[in-house]
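Residue numbers (the working numbering), protein chains in the order written: chain A, 15 to 509; chain B, 267 to 431; chain C, 88 to 721; chain D, 4 to 108; chain E, 858 to 1374.
Simulated from the structure, these hints should not be mistaken for laboratory data.
It should be emphasised that the depicted structure is a prediction, and the values quoted were computed from it without experimental measurement.
Be aware that a few hints might be false.
Stated by the list, open to error - Reference excerpt, derived from the structure (chain C facing chain E, CB under 8 Å, subset only):
1) F242
2) L246
3) W259
4) I273
5) L283
6) L288
7) D667
8) G696
Ideal placement from N, C-alpha and C gives every residue a C-beta, glycine not left out.
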Amino acid sequence: MNNLTLLLPEIFVVILGFSILTIDFFIPKNKKWILPCFAILSLTGILIFTLVFLSGKTDELYGGILRIDGYSLFFKSAFLILGGILIVSSVEYVNKNLSNQGEYYSILIFTVLAMMLMSSSGELLMAYISLEALSFGLYVLVAFDRYNIKSNEAGTKYIILGALSSAILLFGISQIYGLLGTTQFNEMADILGNTSSINPGLLIGFLFLIAGLGFKVAAVPFHMWAPDVYEGAPTPITAHLAVGSKAATFALILRFFISGLMPLMIDLQIILIIMAALTMTLGNLMALVQSNIKRLLAYSSIGHAGYLLLGLSALVSINQSGNFNLAFISNTNFVVSGIILHTIAYGISNLAAFLCISIIYKKTGHENIEDLAGIGKKSPFLSMVFAASVFSLAGLPIFAGFISKFYLFTGASMQGLIWLVAIAIFTSLISLYYYLRILKYIYIEKSKDSQQINLSVISFGLLSVLFIAMIFIGIYPAPLMDAIHHATDALSMLN
Amino acid sequence: MTSLVFFYLASVIILGGGLTVILSSNIIYAALGLMASLIGVAGIFILSFAPFLALVQILIYGGAIVIVIIFALMLTKLEDFRTLSDHKHWPIALIASLVTLGTIIAAAFYTPTNLVSRRGVDFDKIAHELFSQWAIPFEVASLVLLIALMGGVIMVRKTNSRDDK
Amino acid sequence: MDSNNTIGLHAAWVIPLLSAAAFLIIVFSMRLVGFFFSDRNKLAMLAPIVSITAILAGFILFWLVLLDVLNFDGGSISMAWLIVGPAEIRWGIFVDKISVAMIGLVTFISLLVQVYSIGYMKGDRHFEWYFAIHALFATAMLTLVLADNLLFLYFAWELVGLGSYLLIGFWWEKRSAAEAAKKAFITTRIGDVCLLIGIILLFRETGTFNISEIFHIAESGEINNAILNSSVLLIFIGAMGKSAQFPFHVWLPDAMEGPTPVSALIHAATMVAAGVYLVARMMPIFELAPEIMLIVMIIGLITFIFAGSMALVMNDIKKILAYSTISHLGLMMLCLGTGGVAAAIFHLIVHGIAKALLFLGAGSLMHSISNETNIWKMGGLRHRMPITAVTFFIGAASLAGLPPLAGFFSKDELLLSVLHDGQYVVFAITLLGVFLSALYMARVAIVPFFGSVPKNLAQSHESGSIIWVPLVILATLSAGVGFLILPLGSTYPGWAEFINPKHHFEIKPWLMILSIILTLIALILGWSIYVKKLVSAKQISQFIPYLHKTILNKYYIDDFYQWVIDKCILTFGRLVALFDRVVINDTVVDGSAISIYLSALKTRVFQTGYLFTYGAAMAIGASGLTILWWVLLD
Amino acid sequence: MIELTHFQILSGFLFAIGLYGVLARRNAILVLMSIELMLNAVNINLIGYSIFMNASESHRALGHVIIIFVITVAAAELALAIAIILRLYRNKSSINTDDINIMKW
Amino acid sequence: MNTFNSWLLFIIILIPLIGAASLIFIPKEQKNWIQWIATTLGFITMVLSIYAFAAYSHDAGGFQFANSWVWLELPSNPLFGQQAIELNLGIDGISAPMIMLTGIVMFTGILASRSIQESHKEFFVLYFLLISGVFGVFASLDLFFLFFFYELSVLPMYLLIGIWGSSTDFKTFIRTKEYGAMKLMLYLVAGSVLIWISILAIFTESGLGTFSIPALAKVGFDTTFQLIVFPLVTLGFGILAGLWPFHTWSPDGHVAAPTAVSMVHAGVLMKLGAYGIIRVGLFLLPEGAEQWAPVLLGLGTVNVIYGALSALGQRDLKYVIGYSSVSHMGYVLMGIATLNVIGLSGAVLQMFSHGIMTALFFVVVGVIYERTHTRDIEVLEGIAKHMGWVAVLFLIAGLTSLGLPGLSGFVAELLVFIGLFQTYPIAGILGIIGAGITAIYILRLVAKVFFGKLNEKVWNSLLDNKFSKQPDSNYWERASSVVLAITILIVGLFPFPFMEVINTGVNEILASMAGSL
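Using the sequences provided together with the hints, build the complete structure.
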């Protein structure tokens, strides 16, 4: 019998979403701050509840459609935290630039729900429908700034290409369903492990599926929407796109690959390698010539997606043939931990960067790199956090990005992908140029006016939290790694 | 054999409708072509012993979607309805679609399958599956619809709030 | 060696340390005095007192060492400085007769020059600093002569160069002084580079820097002949640099930009002799390389003649003396080239004393006539400055080789040594040089002191006692030191035997007479040209105009060097710098960065902003990857 | 007899037609219509597999279930897309995809 | 005391980090507080670093003050079991002098930074980060942390140069500080890219699952592997050491950087590259080193001659010094390439000596630039008249640079030459010739800039009004430069105690090389 109580966290989140929508009717316009406060408090409550309630529980619902395990627990908590951070970072932006606050927050919360479901789904249809829920939320949120033509354009592009990608993804699912007869990850692994050769129909299935997922994580050549949409979306939503949707998709992909596609990985590896190489090269290269900061970070996040893809392609070691053996997957756990760590580190840094951008945008009304000039003087704390996030993204110590990159690359090179790692490291050198360019404008260029930027308590608090998180993970990642190892172990236990 | 005739008939309708959608220079024709194509798909469903799906197909697509599209068309510029043109890059589009087509068809021929003869699925079974095994995705789908609804409202409604300048 | 613990040996290493201590005391007190006393000048005399005390103590200790050497034949003592794997580098001293003689010379001349300087440098802005460098120089020079290993010698060698650099550039506010200091350092540096190469080459072959051990190994024939030859040659080039041998002689005349006492001490008596000393010291391995000995001789000869000819046409009194120094150093080298160590060292001492005397005398002259150096603007000063004049004459006559002054004996020994070697052609040319040297000595001694006194010099008068006392002492010595060549009693068997017991004192009367005649002819010629004006110098020069002009322009060697440095090396440096900037930096480094940037610019046109492109990329990407995968799997 | 291949080819053609439409049409709403074609191609594919599949009934029912989901999502997607496109139309007076390129490079 | 010793290195790394962290919380208006805290912490660190050197027992040898802490557990692996990344600290005879060098240069850098005009707080925060990174590299016995600290020391460079640096602008030749900073940063990270790749290669190839250097040294890698990876390591670290033709960041970067940063960068960070070649290249990949030594030697020789000639052609004082660093680092590379005790010891001593010397150069030039706002050799003349201290100290640095005996440069270069002559006499000769060229450019500079007649009118127009009372260096700058000068003298005159320690380290490296060959 399915123990539906295990879904309590999700149910609470749904309830929270609806209650916000409802409460919105009853509060006057000038009291809208109640909404985010309520949302954050509830999310915190749900987070604590989830941690207490789900820890140590391992179960599957409906024969594996949803999996409750350490892995999903880790990501659920991460997404709940992310939801909280996104809401906090949205408060000021939404207040100033957007109407329909209730809808905004509730949709945001629904996307959190969708992400939670993605991380725990163990089946393609469930994965697809929660992916769509996330996408729909994002379509709306991207276009939320209704009177901003960029936002409209971003929304249009996003939804049309999103629909195209979901058509492609669905075609892939249909092929897999038809040729394997199942959409369950576990069963797929069994079937794939038993069939000796793989047929063209399945190739289409998996590749179209990967194409659809690749669209979400902005992997080359499915990345082209990303810069435009990142640029046009309201800044907190850009952060969501860059962090939330990407992390959730990777959470899904990881579970899919490890519990479903492991037998196929030797064959799939080459495609992933090509995609990874293209993604990190192109993303970092194109970021060199950007002048809009959000667009720049969009390309940078494409580059980071490339690093994560590098991790995916290193799930099995290269130069091995034949069936599973010990050496073949001996380092898989290492790589998976690396991917998760990098996702987290990258997510935190990116959140900090986008938060800084949205604060600056609020004050200056511009998002071009040139408009960052003199921020270092105007707001030392803000610029320190911005600089830290930029360093972290560039992968320099003492920030989180360094250890995560190192860990990921070490794992990949242990799997024999040292050449791909070399490309990755070289692209990260290229990336340093544009990151430094940001720093140049922040600290070195002088601004025309000397108007101070005052941080609100909320922004200050959130920035400090992110800053400390970046540094803490950077110099003492052991606690986080512990949690990640638990998550990883849960994943491989299912294998 | 009869079924094959019907299948071809449906195929002709579907593909013809599809071609109208992508080739017609009049948008109303295109919308009608879409409708024809969708109804053709409903025919395929009937051939596959899935009358419920056919019904859903006609109701949702034929009844709702095409109407929505036509409404949407009415809300936008009417002038260029009859002068639709394609991109000047359409050959690339053609190549892309032909490559995809080639891949899919080649795969269809090269893929060994383990088949039985055509048979349907009981309506009861579908209903049972949908509301027991797939209850949660179903709930999530409702969430998707809700979000779409909210999104649609937000996008289109006029508000009196301060941003309506 | 059982003599390792003699008092003299310990005294020997104390000598340089005293001066080193003096240097440190002066340098620190300079700042302390400035710090504690507002009026620095009151305590300015502290510096000379400290430094002179040190050098005086050194001079006294010298006698102790000398006594020791006479009794025990010297010895060595050392301590570890650096131990690296197989290489053990030690700080050590080695006392033998040559080094003892050099210590005597250095301490003595230093002492006199420093005393002299109190008067000469009075009131200078950097008075204390002057004595500090003197002390530093004394330390280095004494270390140089005492060093028992080549590396330590090189160490001191370079420090001597530093002292010279600082003293030449003492009046650094004068552009010419700054340039001269630089030139001196760089020119000698070229020699030093070769010297260092030679030393390390020897180390590579023998595994030691110790001079006696090197001799030992070299004599046993364990060193490859080619390497021995090249290292000996390199060492000789080092000596050439320091001793201003042709073609490295250019720095010495310029070095006259320094204060005159400095020229007396460093650029006449001591430092420039270091090269000669080095060759003499290394003679055992030079003798193993006869080809190099020949080169030494030839270089010496060329220098002797060339510098002599230049000394003959210069007008600046200090320059004349400088060229004369070069010329005499050439003579010593020539002699060393024939193996005449004792003679060369003897001449070194004699020349050192005499030349110091001449320079100090010139300084005395200049001091009283407001630093005029052109001899043609002087004249008739023998009446105004009798002591200076007389001592100057003695010095000049000694160097010209007039008996019974010291120069006569030493020159005689030198000629004898050349003759012994059987180099008759060389001998003939040397005689020409001897003639030249007497001639220019006559010129430089006669022109300023005879004739009529120019009007602007009417006020000139004799210098103070602190200046003329050293002159007198030096003159006395210059006259008397020649007798050291003769055997004096039972403990002293004559110079040659003292230096090398195998040699014996000998006299060739015809040679003596020949040299006396030559000298006299030269002096008379000088007398008749410059005093009696019987022969016009101008006419002679017009007789050979091109040669005269060439000599006057120092054979264009300076110009050539200037050209090499300015046009070749500097231009080459600029070219390399330009290459670095334009090719390596701007083209290769920036170029690769820019090409990445440009490729990004080119690539970004694919991001058209049109949905069509984005969708096409996705579709083609998806099916393209599928096909690729399919192909790869088959 | 109708065979699986028929379904697959029909689906392939419809998918390709839809894809062509998405890429080649300039009117945003026509693009959406083409996407509907692609989704229907997926449905044809699914129903084909579902009825020919050699598996238990619940597995075959899954095909139908997926089709229902696809239809639902397609409808919702279309509605939302039209809403967003209309919003764009209000601000820009055009639904021509060629005009939607403020952001590029 | 033993507990203290085992924590010593950790404390040395930690103090600057604590300094950086604590300075963040001090309000930026409290300039005095900031400076005093920085100076005090710097002094303590210097004392500790000197203690680390002095207390290093050359009799015992090996890695001393060693201690390790588990930092991050790696997932257990069926191949090599449970492993962890450990913070593994310890110094041997090669790193001990480097630690001391860092301490001295860092402290003198702080003294020389008193004249920073703006944003003291940020400057010292970044400076301390840099310092902590440098100490970390020298003290780490773990490839991961070596790399970690390496990157940490690179991290603040861009801002340090970009904000507090200065641009060069002769009409025909312009280099902005942003350019210099960017180039330096990209170059250093380019080096770290190669290092990173080779670290990963070594880690993977060893199959031990550990980054610990002593453990990896025992592995004995495959010859082919060594032949491939050694050039990567050498190039990576070599970029930092100014290896030709990857040296161009060094002059441009050092010229643009503010005084203290130039000091630390040219003085210590470049050594870090050479240190890396020894520690990673020679220690872990001896066969590769053996095979590639001639190439390294050739490049080192080019460095020496090319750097010296380039320095000869410069107009900017700091560029001369920048290129002289390139030239002098050539000796280090040559010394390393000899692979014998003498040459290698010479290289290590040269690292120390050049570090101190170049720091002294930069202090002095920094003073001149601050007073006159120009570094143009064509403009400056005879400034010794008003800047006695500056002139004397510059001369000391210059003489060290040209290898005058009695100063540290001589001992180091001499050992390198002796070492070279044992294996590659021709290179040795070229090296000595390089020292000759050094004499030319240094003396030319001294004669041109410091000597000669001062044109008072030009001087007054150049001199910053702030300094019209005392154009010479102030007490802080004097203290800073005198400390450096005294160090130069001590090492030059009494190298024995230094060489004992260095020798221990070098012998161990070579013994381990000989063992694995």
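Do the hints match the structure? See the list:
1. With 8 Å as the threshold, the beta carbon of C/F242 comes within range of chain E, its nearest partner Cβ sitting at about 4 Å, so the hint holds.
2. The interface hint given for C/L246 holds, since its Cβ lies 6 Å from the closest Cβ of chain E, which is under the 8 Å cut-off.
3. For C/W259, the interface hint holds, since its Cβ comes within 8 Å of a Cβ in chain E; the closest pair sits about 4 Å apart.
4. Of the supplied interface hints, the one on C/I273 holds, with its beta-carbon coming within about 6 Å of a beta-carbon of chain E, less than 8 Å.
5. Nearest Cβ of chain E to the Cβ of C/L283: about 6 Å, under the 8 Å cut. The hint holds.
6. About 7 Å separates the beta-carbon of C/L288 from the nearest beta-carbon of chain E, less than 8 Å, and the hint is met.
7. Annotation: interface hint on C/D667 holds; nearest CB of chain E at approximately 5 Å, less than 8 Å.
8. Here the hint on C/G696 is broken, as its CB sits about 30 Å from the closest CB of chain E, past 8 Å.
Hint 8 from the earlier list is the only one contradicted by this structure; the remaining hints agree with it.
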